[in-house]
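Trainee: Here is how the chains run, residue by residue.
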Amino acid sequence: MNLEFTEDQAVLVSSVENILDKYAELPTANRRDYHYYARDLDQALVANGFLDAVSSMGSLEAVLVVEAVSKIAPVVEIATSTLVAPHISAEELPRPLAIVSGDLSQAQRYLSVAKAALLDTGDDILLIDIRPGDVEAVDTIFAYPFGRFTTAPDLSKARSLGAAAVGPFRQWRQVALAAEAIGAMRSAVDFTVDYVKQRQMFGHALGLFQAVQHRLAQCHQATCAAQYLTYRAGWSGDPLDAVLAATYAQSHMPKLWFDLHQFNGAMGVTNEHKLHFWTYRLRALQSEMGGANEGALQAAERVWGKVA
Amino acid sequence: MELAWAQEHDQYRERLRAILARELPSNWMQDYAHGRGTQGEIAFSRTFCPKLAAEGLLIPHWPKEYGGQDGDAWEHFILSEEMWTWGDPRGPQYMNVNWIGPTLMKFGSPAQKEEHLTRIANGSVIWCQGFSEPQAGTDLAALRTRATRTNHGYVINGSKIWTSYANGSDWCFLLTRTSDERRAISVFLVPMDTPGIEVFAIPGLVEEGHIHEVFFKDVEVPFSALVGEEGMGWEVVTHALSLERVGIPRYHLGRLAMDAAIGKLKREDRYGDPLMRAAAGRIIAKLEAARMLTYLVVDQRAKQQPANAMTNIARVSNAEAVTDTLNFLMEYAPGCLTSRDDPYLTLFYRYAITNTIASGAYELQLNMIAQRALNLPRERRQ
Ligand SMILES: Cc1cc2nc3c(=O)[nH]c(=O)nc-3n(C[C@H](O)[C@H](O)[C@H](O)COP(=O)(O)OP(=O)(O)OC[C@H]3O[C@@H](n4cnc5c(N)ncnc54)[C@H](O)[C@@H]3O)c2cc1C
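So the sequence lines, in the order shown, correspond to chains A and P. Counting in this note's numbering, the first sequence runs from 1 upward without gaps. Counting in this note's numbering, the second sequence runs from 1001 upward without gaps.
One should not assume that every hint holds.
[Stated by the list, open to error] Listed below are the simulated SDA-like cross-link pairs for lysine to any residue, each with C-alpha atoms no more than 20 Å apart in a straight line:
id : chain 1 : residue 1 : chain 2 : residue 2
1  : A       : 197       : P       : 1198
2  : A       : 255       : P       : 1362
3  : A       : 197       : P       : 1362
[Said to hold, decoys possible] Residues from chain A that keep clear of chain P, each with C-beta distances beyond 12 Å, as calculated:
id : residue
4  : 27
5  : 136
6  : 206
7  : 209
8  : 257
None of these hints come from the bench; they were simulated from the model. Heads up, the beta-carbon is just placed ideally off N, CA and C, and yes, glycines get one too.
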């Protein structure tokens, strides 16, 4: 056992962070938006080979890249491309990639910027190519771009990735979700901790009050816990670890959302404050893949077996 | 990052399991379910620990010069996981080997080391921890039990409370006040059969015979009973407490309890309930998270890094996961509190209440995380 990063992993994280430093700031025109998709960062990550982390280094390394990118306020579609695609297809898939599910006429995360979408039909994973005009943007307050199909996609023309892709798709989608979540959780906690150190009420920084400290300490603990479960899922490639990481992260999102917004007060309700860039990303992730209860049922089945 | 066990650690675990299978009587769990702190448990500890010592498994983490093997922190922790699988048949002797012995290595006089370390290493002596008092729980420095210097040594007056195993202990690692200054505290090593010491069991929610009140009336001890200098007890006790970074592997106890409870629910044909399974799945995620954070602390210790807030984070994680496990049992398997048909569950049920109170209350862990990890200001106290 060794829970420290290797030197290569540490170098990887710091080189991603170097790139992120240049793109972490929101352009002035987008400062008050609900989300900002950073196309220039997307290109920079591709150009520097970070999206090939799985093949060049490994899945844990890909988790580290996704986590780092998810810490900044702008978003790019990287989790599915980096963590899911390499596990379900030997060929490179078009990107940005959306994952669509449920009622396809409804808003789907990343669909407005996607070049292709993945659909889990139960016994196959389909790759749906998206051409201009196939989708339209949907305005939401979530901190991701959302889009919907303008006309229902013709699934008979979609490419089948095969039944064998279903298991890995679900597993690595859970890891991807958890990796995005831990980046956003960390930034939301850090942002709030900074805020309560500065904001003065009753003659003291808000962060002096134990009622505030304890809940932030719990949020910090939950973030560390989600982080290490996610690293384990990336390291082991075990489907149980994947579902545990996603379930843990999703089941703690309501607490983080409540506590962190609470301590940012009315400031956190405005778009002038950056908090929503992370909390409303967590909100979007909270219900994906059936949410924490669905994950918990899967975890129970993997640990104690199916219902007879 | 490498999350697989090293081969030597797997072998170490296998060896421990074989020894436990050989040494524990077949009715161990049934007898054990009568509780920690019973005379039966203490008596078993006196025969079991010498056997562990003979196998080199009581103090593997101690330095070679004191009879240990300079074993790494992982071995020490694997030992703890395996012992706790059986409710820790070492009984009270986890205190001796985890922190009393190592504290004496650092602060004890040559004579104290000679007298105590050998006996602890043999597994033949029972100690209790005399820290808490009615008015000094989390605020330990408020303790009032006083040791007054005389020509021959010290005379101790006062009382201790919640003292585990005091009924069967040979020695007490005792904290006293030696002057009115708040932190003027001194540690004494006191034989429990010294005249003037009286022990009373306190009935409680944990098992019978576990917690006690201990009264000290004009108890005379020689100068040689003092650990270090007079008044340096705070330093001694801070060191002692730091040695228990992770303590009991609670995620492991929680996991065993969940496995037992689900086994029971399956036998009762109740495993089909999706609400129950969803609750159980969330708990498994929490227990496994607590395991990872605990391993992180063990890893830091194995690398001899100083303790940091990760210790408190791991404790909070364990505390919450175990509390959820307890609530799960209450909701879905309340019978185990009354039926005693599963000794492990009965015991877990009763003992887990201490999880957020003893050895550093949950809120104190949160205070430490806020201050040490988040750098939030310390709230002013009187
Ligand atoms: C089963 C069991 C065995 C024990 N064995 C021993 C033993 O062998 N030897 C020994 O010396 N002691 C022993 N103890 C005592 C244990 O160490 C104390 O319970 C512990 O130190 C807490 O003290 P207290 O119970 O007096 O709580 P108090 O100090 O009265 O605190 C009560 C509660 O107030 C809250 N609180 C306290 N301080 C703060 C703060 N600063 N900020 C926020 N909240 C706060 C916490 O929720 C805490 O649980 C044992 C206790 C139990 C339950």
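Trainee: Next step is simple, just say for each hint if it's right about the structure.
Mentor: Right, here's what the structure says about each hint:
no., hint, verdict
1, A:197 <-> P:1198, "violated, 51 Å"
2, A:255 <-> P:1362, "holds, 18 Å"
3, A:197 <-> P:1362, "violated, 23 Å"
4, 27, "holds, 31 Å"
5, 136, "holds, 36 Å"
6, 206, "violated, 10 Å"
7, 209, "violated, 7 Å"
8, 257, "holds, 17 Å"
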